[in-house]
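K.L.:
Can you build the whole structure from these sequences, using the hints too?
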Amino acid sequence: MSENHRTASTASEAPGTEHDSGTQGVSITLEGITKRYDSGKPPAVDGLNMEIPAGSIVMFCGPSGCGKTTTLKMINRLIEPSSGRVLIDGEDVTDLDADRLRRRLGYVIQAGGLFPHMTVAKNIGLVPRMLGWDASRIRARVDELLELVSLDPATYRDRFPRELSGGQQQRVGVARALAADPPVLLMDEPFGAVDPITRQRLQDELIAIHSELKKTIVCVTHDFDEAVKLGDWIVIFREGGILAQYDSPERILAQPANSFVEDFMGAGAGLKQLSLSRLDDVELTEPVRVRAGAPAAEAVETMRAAGEDYVVVVDDQDRPVDWLIASQLERLETLPTQVNEDLPVVYNRASLNDALDSMLVTTTSSAIVVGKRRQMLGLVTVDTIMDVISGLNGRAHDTAAEAPLGQNEPEEFEIPEDDGRTGRNTDEAIAAKQREDSTADTGDAGDDTAAGDPAGGAIADDTAGNTTGDTAAGEPDDRPAGAHRADGDRP
Amino acid sequence: MWEYFTQRSDQILFASWQHFSLVGQSLLLATLIAVVIAVLSYRSSAMSAAANSVSAIGLTIPSFALVGLLIAPVGFGVIPAVIVVTFYAALPILRNALVGLSGIPDDVVESARGIGMSRMRTLLTVELPMAWPVILAGVRVSGQMVMGIATIAAYSLGPGLGAFIFSGLDRLGGANSLESVVIGVVGVIILAFILDLLLVAVGRLTIPRGIRV
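Those protein sequences? They're chains A and B, same order as listed.
Take 22 as the starting number for the first sequence in the numbering used here and just add one per residue.
Take 15 as the starting number for the second sequence in the numbering used here and just add one per residue.
Wrong hints could be hidden among the right ones.
[Said to hold, decoys possible] Computed spacing ranges between beta-carbons, pair by pair:
{"hint": "1", "chain 1": "B", "residue 1": "W31", "chain 2": "A", "residue 2": "D164", "range": "28 to 38 Å"}
{"hint": "2", "chain 1": "B", "residue 1": "I75", "chain 2": "A", "residue 2": "D216", "range": "52 to 62 Å"}
{"hint": "3", "chain 1": "B", "residue 1": "V227", "chain 2": "A", "residue 2": "G287", "range": "49 to 59 Å"}
{"hint": "4", "chain 1": "A", "residue 1": "Q359", "chain 2": "B", "residue 2": "R133", "range": "55 to 65 Å"}
{"hint": "5", "chain 1": "A", "residue 1": "G213", "chain 2": "B", "residue 2": "R133", "range": "24 to 34 Å"}
{"hint": "6", "chain 1": "A", "residue 1": "R160", "chain 2": "B", "residue 2": "R133", "range": "46 to 56 Å"}
{"hint": "7", "chain 1": "A", "residue 1": "G213", "chain 2": "B", "residue 2": "Q158", "range": "21 to 31 Å"}
{"hint": "8", "chain 1": "B", "residue 1": "P119", "chain 2": "A", "residue 2": "D216", "range": "51 to 61 Å"}
What the hints contain is simulated information worked out from the structure, not anything from laboratory work.
Don't be surprised by glycine CBs; every beta carbon is placed ideally from N, CA and C.
P.N.:
So, in C-alpha cells, the structure goes:
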C-alpha cells in the first residue's frame, strides 16, 4: 500500500518538467472583511485582515463554525462579504463580475464536486470552454492535466465520475480547477471524503503539484495534521471568524499563541512536528549493498567486513529488492532477484511521519529511502527520527520575521475572557497592542506568571485550567515548548 | 369483432392516430410547462410546497367534469381536449421535476458556481441534465395516465378513440355496441404501450451514460 502511494507521488513529478510556463501564484489580501448573516447575531467573520503571500500554501484551520469556509468563499465571492475588500494581486475584486472572477480562481471541493453526467474530459474542459478556447486546445489541455494528476489520459478521459474511485475523482477535481491555469487555487476540505491512505497520497501529490506550478493555494481543513503537513502558513480560526494564530507550522507547534490553539492542536504536538520534516532533510544511514542474484557467500563476507548484521539487496539500477539479516543470508545460495513487496520503502520527499508509519506497519526499526526512479538513497532509522524530534523544538524561532500579517480589526475586536492574544503577526505595533490588551485581561491570573519557567509551565497550566495566563509570560519565546507540555497534560 | 375492425379499419386507424397525436403533443406541451414552473419554484420552499399541492389536488379533479366545464368558455372540439390532457399530464411531471431539481446535491451546484458558471448556465448544463431522468420518469407516468384521460375528449367532440367508447356505451346492447367499446379500450392500451416504448427510447438517447441507472 504505502509503496503504491509513493509511486503515485513521484509519478506526478515526472510530467512536471513540461509545464513550467504556467501562471504562478499571486498574493491575496483581505481587508477588514466581515460576514454578518443576521444583524442580531455576532458575525460569522469579523473584520478580518489577512495577507496570503504569492505562491504559498495557506491552510485555514479550526473547529466547525469558526468561519474558515466562509472566509475562503468570500475570496471567490461564493459568499459576498458584508463589508471589507478582497484584493487579488493588488486588484480589488469586490466589485468584479463574480462569474468572471471565479473563472480566474481554481476551486476544489470535497470529492471534487464533479458533474456526474459529464465525462472526465468534459468536466475538466468546462472552464476553458467558458473562456472560449477551441476544441483542440481544450483536448490537449485535458490530457496534460490528467498526466499532471497521475491519471492516464487514454484510460480516464472518457470515463464518467462514478467509474472512478474517490481519490481519482478528487484528482479530476484538482485538474478541473487548474484547467484554465489560474494563479490561485481555493480548496474546501478537499481530502475530507477519502480514506487515510488515499488522503496521504493526494496530499503528497498536492505538494508535488505545488512545488511544480507555484500557485497560491488556500485550503480549508479541520484536520490540524493535514494543515501541518501541507501548509507553508497556517491560520487557526476560532468561533466567530476570530483569527487565533497565523504563523508557520513550526512556530504554531512550538509556540501556540493561546490556550485555544493549544487545545485545538491536541496532544502529541512533538510527533506532529514529524510531518514538517522531509526525509530529504535528515542524514541517512548507508547500509551494506549487495547485488541481486550474486552468490550469498560473497554477501556474507562483505557484511562481516563492514561489521553489520544485515544487507540490502539492490538490482543493477540500485533499486531495493530485499533486505536480509545475517541468519537469512547464511541459508541462501544466491541472493534473491524477486522484489519483496513488504519492504518499508519511502520516497525521499515523504515526511518523517510517513517513514515512521511505514516502520510501524512493517515492524522494523528502519526504512529504505528511495529517490527518483526508486533508486535507494540509504536507510532512515528510528534513532534518526528521535534525534529530529528533540532537535525540532529548538528550530521554530526562525520564521517569525517573515510571517504574513493577519488579524481581526483591533477596534471591533473584543478579547474573549479566556484568551490572551488573537494571533501572531510581524507588525510590532499591533503585537504590542495585543500584549497590552492581554496583560490587562490576565491581571487576575497572577499566579500563572511562573509560566516563563519551562519546568513550572506544566504545573501552572494544569492548575490554571482554562483561565490560562500564558500571555503573562511576556515574550512568546520564553514559553515552554508545546511538545513537552502537551504530552504531559493529556494522557 | 374482427369483421367490425376490418370494415372500419380506416376510421379506427385515423382515430388512433388522432388520439396518439393529441396525447403526444399535449405531453410535450405539459413537459415544457411543468419544467418551467418547477424551475421557477424549486429554489423556494413555499413555492415548491404550493406547486406540490396543486399537483396533488389537480389530480383529484374528475376529468369528465373538467371537460364539461371547459365547453362553455372554449367551445367544442380540439381545444378543450388539449387543455384537459395537458393539464393532467403536467401534474406528475411537475412533481417529478421538483423532486429531480431539488435532489441535486448542493455541492454540485456550488462547484458549478465556484468554477464560474452563471445561474442560467448551471441550470441548463448541470441541473436540468441531472434532473432529466427523474423528469422523464414523470413524463412516462403522465403518458400512461393521459392516454386514458384523452378518451374523455370525445365528450366535447374532440379527436381520438373516445368516440368509439362513448358511442358504444350509449347504445349498449345494440348492434356492434360492445365491439365499438372494446376497439376503443384495446386501442388505448396499445397506444399507451407504444408511447411508453418511445419514451424509453428517448431516455436511452438523452440520459447521459454517467447517470443512467
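K.L.:
Are the hints correct? Go through all of them and say.
P.N.:
Taking the hints in turn, this is what the structure says about them:
For W31(B) and D164(A), the Cβ-Cβ distance of about 51 Å falls outside the hinted range of 28 to 38 Å, so the restraint is violated. In this structure, I75(B) and D216(A) meet the distance hint of 52 to 62 Å, their C-beta atoms being roughly 54 Å apart. A beta carbon spacing of about 44 Å between V227(B) and G287(A) contradicts the range 49 to 59 Å that was offered as a hint. Take Q359(A) and R133(B): their Cβ atoms lie about 59 Å apart, and the range 55 to 65 Å holds.
At roughly 27 Å, the beta carbons of G213(A) and R133(B) sit within the given window of 24 to 34 Å. Under the hint 46 to 56 Å, the C-beta atoms of R160(A) and R133(B), about 28 Å apart, miss the expected range. Roughly 44 Å separates the CB atoms of G213(A) and Q158(B), a value that falls outside the hinted 21 to 31 Å. A hinted range of 51 to 61 Å for the beta carbons of P119(B) and D216(A) is inconsistent with their spacing of about 21 Å.
Hints 1, 3, 6, 7, 8 from the earlier list are contradicted by this structure; the remaining hints agree with it.
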